[in-house]
Amino acid sequence: MGYLTTFYWGWLLGSVLLGFAMGWISVVQHGDGVPRKWRWWLAALVAALVAAAVARVVPGRFGYWLDLGLIMFGLYLCGCAVGSWLRDWVVSRTAPPA
Amino acid sequence: MRGLFKWSSKWWPGVIPLVIFWAIAAWTSTEPLEADLAQRSAAALKDTVLNKTRISVAGRDVTLAADAFSEDGRQSAVASVETVPGVRLVNDETRLVPEAKPFVWSAERDVVRVTLSGSSPLPATKSRLTEAARANLGGVEVVDRMDLSRGAPPRFDNAALLLLDQIGKLKEGKITLSDTQVSLSGMARELGGREAIAAALKNLPEGFSVAANEVKAPPYIFQAYKDPVALTLTLTGNVPDNNAHAALGASAGRRFFSEKVVDNLKASIGAPSGFAAAVVPALGALSRLSTGTLVVSDREVKLSGDALYEAAASQIRAGLGKDFPQGWQFKPEISVKPPAAPVDATVCQQLFTDLLGKARIRFEPGKADIVADSAGLLDRLIETALRCPTANIEIAGHTDTDGDDAANQALSEKRAQAVADYLVKAGLPASRFSAVGYGSTQPIAGNDTDQGKAQNRRIDFVVK
Chain A
1 MGYLTTFYWG WLLGSVLLGF AMGWISVVQH GDGVPRKWRW WLAALVAALV AAAVARVVPG
61 RFGYWLDLGL IMFGLYLCGC AVGSWLRDWV VSRTAPPA
Chain B
1 MRGLFKWSSK WWPGVIPLVI FWAIAAWTST EPLEADLAQR SAAALKDTVL NKTRISVAGR
61 DVTLAADAFS EDGRQSAVAS VETVPGVRLV NDETRLVPEA KPFVWSAERD VVRVTLSGSS
121 PLPATKSRLT EAARANLGGV EVVDRMDLSR GAPPRFDNAA LLLLDQIGKL KEGKITLSDT
181 QVSLSGMARE LGGREAIAAA LKNLPEGFSV AANEVKAPPY IFQAYKDPVA LTLTLTGNVP
241 DNNAHAALGA SAGRRFFSEK VVDNLKASIG APSGFAAAVV PALGALSRLS TGTLVVSDRE
301 VKLSGDALYE AAASQIRAGL GKDFPQGWQF KPEISVKPPA APVDATVCQQ LFTDLLGKAR
361 IRFEPGKADI VADSAGLLDR LIETALRCPT ANIEIAGHTD TDGDDAANQA LSEKRAQAVA
421 DYLVKAGLPA SRFSAVGYGS TQPIAGNDTD QGKAQNRRID FVVK
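As given, the protein sequences belong to chains A and B, one line each in that order.
The C-terminal residue of the first sequence carries number 98 in UniProt numbering, and the numbering is unbroken.
The C-terminal residue of the second sequence carries number 464 in UniProt numbering, and the numbering is unbroken.
Next comes chain A alone, as it looks inside the complex (with noise of 0.2 Å):
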């Protein structure tokens, strides 16, 4: 991983910075979310999509792509996390006292 790091961390600071913009935007957006119970079969798909990396199942490049991809997700949810925090913040600093 740290290998991967080094090598490409541009597309890697992308996935953080559309995380952070996508964090940013979704607490002021109106609109549906993704259902509840959506959100379970993705949370499953994505935890085997991880057991499959860690197990190393998937041979050779699609091996490759799906431990590129998990870390892209990952470092995006990480940016979608930090945006949306500091959003909140930002907007309950700045909201007039109830």
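One or more of the hints may lead you astray.
What the hints assert, rightly or not - The following label-pair restraints were derived from C-beta to C-beta distances: (1) B:Asn-158 - A:Arg-56: 43 to 51 Å; (2) B:Ile-20 - A:Leu-45: 14 to 22 Å; (3) A:Val-57 - B:Leu-161: 24 to 32 Å; (4) A:Val-57 - B:Glu-206: 51 to 59 Å.
To be verified - Here's a subset of chain B near chain A, in silico, CB distances under 7 Å, partners left out: (5) Ser-9; (6) Lys-10; (7) Trp-11; (8) Trp-12; (9) Pro-17; (10) Phe-21; (11) Ala-25; (12) Gly-59; (13) Ala-341; (14) Ala-345; (15) Gln-349.
Quick caveat, the hints were computed from the structure, so don't treat them as lab data.
Just so it is clear, CB atoms sit at the ideal spot from N, CA and C, and this is done for glycine as well.
Since the structure of chain A is provided, determine the placement of chain B on it from the hints.
This is chain B only, laid out in the frame that chain A set:
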């Protein structure tokens, strides 16, 4: 935290550009990543001794195929690639090089090249042996047909290098090392080469031994050519040592009284036993020929040329082989020189005088036995006598003044008679010769010096 969970349900739209990012990243990065990992893996294997190494990378998975020379080396090679940063999995397709049993290595030399074949334990050894062969055999093509195998005996390199030194001493042949057993065959380049190889093999590393040494020495050649036009006797080839050289030279000087001896002999070891005992009489036989060549090759003596008359040819054909040591062969190719034109008695006398002026018929001291060295001179006297068949000849014996007169008289008579008998035995009619002894009564030089006495001890031919 609850807020984060709530917001996360709205993060999904960003996944769409993320997937695009991912696809582009995967598209552009895969091949450079694979190339980089292949390069790093190869660098990690730089210090590991492997043969036929092939590295292929798919994603972050490295497939390593190679021939290793030991189980430790094989495992260490795989471990080295596994520790390369970025490598996810190593598909181990390494194997051990085959084990050779017995471990056979050979070097074969022919006229134009040296071929190294068989097994070599390591690539470094293989190239070292090839380079050593090139260095030892400057200018000779070296062909490397060695395979790599396990199972070499300890100190193989040292043994093989020592054997490569020996291949330089061969004209053609093969040296084989089978485990620790050395076999040699072929022909040494020079006389003494066989002995030099045998001496060098004593320095083989511990544990190695010589199973068979069938290196042959080149033929031991001695040649003599009698040229009747240039009046030379040319000696070429080898003699065992300086003593034999001097003895042969002296013998040739006595027997070839009319020819200049051109001595190109060189002393070389490796002469067959009985060399001098065979070559000295063979030179004697050559001295009896008008023209001829003597070739001694190992224990085979070939004498070809023209005898001066038929009886001499028969004597040489039948007689020479008898004098040879055991194991020697004589191959005569003797023909007879066409008879020379007849001459009258005066010319005959002149010819006798010329011949006896150049050399004297020699006898054993104090006896009437003609020594073998005089056979060449006697043949020429006989040939001359044949040219004047009507002339009667007195064979006159003379002595010096040593001893009493009666004894000298008797000795001179006996010696003259011995020469007459020799001529009759050669086929000349006895009626043409009268043997007369003069004792010391007709000196041709002073008897006060050894030289003078030697001149007075003589046989004269007088045409009557």
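Using Cβ atoms only, decide whether B:Trp-12 comes closer than 7 Å to chain A, and label the hint accordingly. Where the cut-off is 7 Å and the nearest Cβ of chain A is about 5 Å from B:Trp-12, the hint holds.
Against chain A, with CB atoms and a cut of 7 Å, does the hint on B:Ser-9 hold up? Cβ of B:Ser-9 sits 3 Å from chain A, so the hint holds.
Holds or violated: 14 to 22 Å for the Cβ distance of B:Ile-20 and A:Leu-45? holds, 19 Å
Given B:Ala-341 was flagged as interface, is its beta-carbon under 7 Å from a beta-carbon of chain A? violated, 107 Å
Using Cβ atoms only, decide whether B:Gly-59 comes closer than 7 Å to chain A, and label the hint accordingly. holds, 3 Å
Holds or violated: is there a CB of chain A closer than 7 Å to the CB of B:Phe-21? holds, 6 Å
Does the Cβ pair B:Asn-158, A:Arg-56 satisfy 43 to 51 Å? Holds, since B:Asn-158 and A:Arg-56 (Cβ atoms, about 48 Å apart) stay within the stated range.
How does the Cβ-Cβ distance of A:Val-57 and B:Glu-206 compare with 51 to 59 Å: does it lie in that range? holds, 55 Å
Restraint satisfaction for B:Trp-11 [CB to CB of chain A, less than 7 Å]: holds, 5 Å
Answer holds if the nearest beta-carbon of chain A is closer than 7 Å to that of B:Pro-17; otherwise answer violated. holds, 6 Å
Restraint outcome when B:Ala-345 is required to lie within 7 Å of chain A by C-beta distance: violated, 118 Å
Given a hint of 24 to 32 Å, does the C-beta separation of A:Val-57 and B:Leu-161 actually sit inside it? Cβ of A:Val-57 to Cβ of B:Leu-161: about 53 Å, so the range 24 to 32 Å is violated.
Going through the hint list in order, the structure does not satisfy hints 3, 13, 14, 15.
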